[in-house]
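Novice: Each residue of the sequence shown is one higher than the last, beginning at 479 in the numbering used here.
Worth flagging that the hints you see were computed from the coordinates, not collected in a lab.
Possibly wrong hints are sitting among the right ones.
As the list claims (entries may be wrong) - When the alpha-carbon atoms are kept at most 35 Å apart in a straight line, the in silico DSBU-like pairs for lysine-lysine are as follows:
{"#": "1", "residue 1": "K597", "residue 2": "K564"}
{"#": "2", "residue 1": "K610", "residue 2": "K597"}
{"#": "3", "residue 1": "K585", "residue 2": "K567"}
{"#": "4", "residue 1": "K605", "residue 2": "K629"}
{"#": "5", "residue 1": "K605", "residue 2": "K642"}
{"#": "6", "residue 1": "K585", "residue 2": "K610"}
{"#": "7", "residue 1": "K597", "residue 2": "K567"}
{"#": "8", "residue 1": "K642", "residue 2": "K585"}
{"#": "9", "residue 1": "K642", "residue 2": "K586"}
{"#": "10", "residue 1": "K605", "residue 2": "K586"}
{"#": "11", "residue 1": "K642", "residue 2": "K610"}
{"#": "12", "residue 1": "K585", "residue 2": "K629"}
{"#": "13", "residue 1": "K488", "residue 2": "K629"}
{"#": "14", "residue 1": "K610", "residue 2": "K564"}
{"#": "15", "residue 1": "K610", "residue 2": "K629"}
{"#": "16", "residue 1": "K586", "residue 2": "K564"}
{"#": "17", "residue 1": "K586", "residue 2": "K610"}
{"#": "18", "residue 1": "K642", "residue 2": "K629"}
{"#": "19", "residue 1": "K597", "residue 2": "K586"}
{"#": "20", "residue 1": "K567", "residue 2": "K605"}
{"#": "21", "residue 1": "K488", "residue 2": "K564"}
{"#": "22", "residue 1": "K586", "residue 2": "K567"}
{"#": "23", "residue 1": "K597", "residue 2": "K629"}
{"#": "24", "residue 1": "K585", "residue 2": "K605"}
{"#": "25", "residue 1": "K564", "residue 2": "K629"}
{"#": "26", "residue 1": "K567", "residue 2": "K610"}
Stated by the list, open to error - Label pairs and their computed distance ranges (CB to CB):
{"#": "27", "residue 1": "P569", "residue 2": "S604", "range": "24 to 34 Å"}
{"#": "28", "residue 1": "I566", "residue 2": "G621", "range": "37 to 47 Å"}
{"#": "29", "residue 1": "P569", "residue 2": "L490", "range": "38 to 48 Å"}
{"#": "30", "residue 1": "W559", "residue 2": "K629", "range": "17 to 27 Å"}
{"#": "31", "residue 1": "K586", "residue 2": "N560", "range": "20 to 30 Å"}
{"#": "32", "residue 1": "E553", "residue 2": "F644", "range": "29 to 39 Å"}
{"#": "33", "residue 1": "A645", "residue 2": "L555", "range": "51 to 61 Å"}
{"#": "34", "residue 1": "E484", "residue 2": "G621", "range": "29 to 39 Å"}
{"#": "35", "residue 1": "I566", "residue 2": "W487", "range": "51 to 61 Å"}
{"#": "36", "residue 1": "G577", "residue 2": "K488", "range": "21 to 31 Å"}
{"#": "37", "residue 1": "D592", "residue 2": "G568", "range": "21 to 31 Å"}
{"#": "38", "residue 1": "A593", "residue 2": "V552", "range": "38 to 48 Å"}
{"#": "39", "residue 1": "R599", "residue 2": "G568", "range": "20 to 30 Å"}
For glycine and all other residues, C-beta sits at the position ideal for the given N, C-alpha and C.
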Amino acid sequence: MYEFWEELWKSLVLILFGMLILRISGRKSISQMTIPTTITMISIGTIIVQPIANENIFLTIIAAIVFILVLIVVETLQIRWNWFEKWIKGPAVIVIEGGQLNLHSMKKLRLSVDALEMKLRQQGISKLSDVKTATIEPNGQLGYELNDSAKPLTVSQMENLLSKYFANMESGCVNSNPNSEIQEINLFSEIKIGDKHVTSKRLQ
Numbered sequence: 479m480y481e482f483w484e485e486l487w488k489s490l491v492l493i494l495f496g497m498l499i500l501r502i503s504g505r506k507s508i509s510q511m512t513i514p515t516t517i518t519m520i521s522i523g524t525i526i527v528q529p530i531a532n533e534n535i536f537l538t539i540i541a542a543i544v545f546i547l548v549l550i551v552v553e554t555l556q557i558r559w560n561w562f563e564k565w566i567k568g569p570a571v572i573v574i575e576g577g578q579l580n581l582h583s584m585k586k587l588r589l590s591v592d593a594l595e596m597k598l599r600q601q602g603i604s605k606l607s608d609v610k611t612a613t614i615e616p617n618g619q620l621g622y623e624l625n626d627s628a629k630p631l632t633v634s635q636m637e638n639l640l641s642k643y644f645a646n647m648e649s650g651c652v653n654s655n656p657n658s659e660i661q662e663i664n665l666f667s668e669i670k671i672g673d674k675h676v677t678s679k680r681l682q
C-alpha cells in the first residue's frame, strides 16, 4: 500500500513539473516543432517517466493511469473555468497592430520577424499594412484580421457595388478614377530579393 501512494504522489509531482517545463519552454515548442525541439521534448518526457518506471508492471500501469486521469481532470477544469484555461494555455498575444509590428510582444514570445513573416505568407498575406491585427494564439498558430481594404469581397458587397454601378450608369456618373495604391515590398518577393529593403530585422 505504501508503494501505491508513493507512485501516486511521484506521478502527480512529475506531471506538474512536466507542465511547468512545457509552459516555460514556450508555445512554439508545442506547435510547429523543429527537429531539435522535438528531440528535446521527447527526452524530457523520457526523463520524467524514468523515476516511476521500474520492473513492477503493476506500478507502471498505475503511473500511466494517473497521467491519463490528471490529463482528463485538467482538460475538464479548462472547460469549467476560463481563468484556469488561461493559466494553463496562456492568452493570445498581439504581434501586429495597425499594420505595425509589436516588437515588445515578439520579444516575450521569442518570435523573430522572419518567423512571423513566414506565418503571414502561409496565410497568403503579402503586405504587413494589410493586417489590422494579428495574434499568436495559445496553440502557436497565427490569428489575424485584415483591414477593410484588404478583405475579400463578399457576395453582399458585390451586389451592393453592382447596384450602385448600374445606378450611376443610368444617371451618367461613373467614377473612372480608382484609388492609387501605395507601393510596398511584397513579403513573397522578399524570398527572392532578400532583406535589403529592411534596415534591421533583429529585435533590439
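Novice: List in ascending order the numbers of the hints, as given earlier, that are violated by the structure.
Specialist: 8, 9, 13, 28, 29, 30, 32, 34, 35, 36, 38
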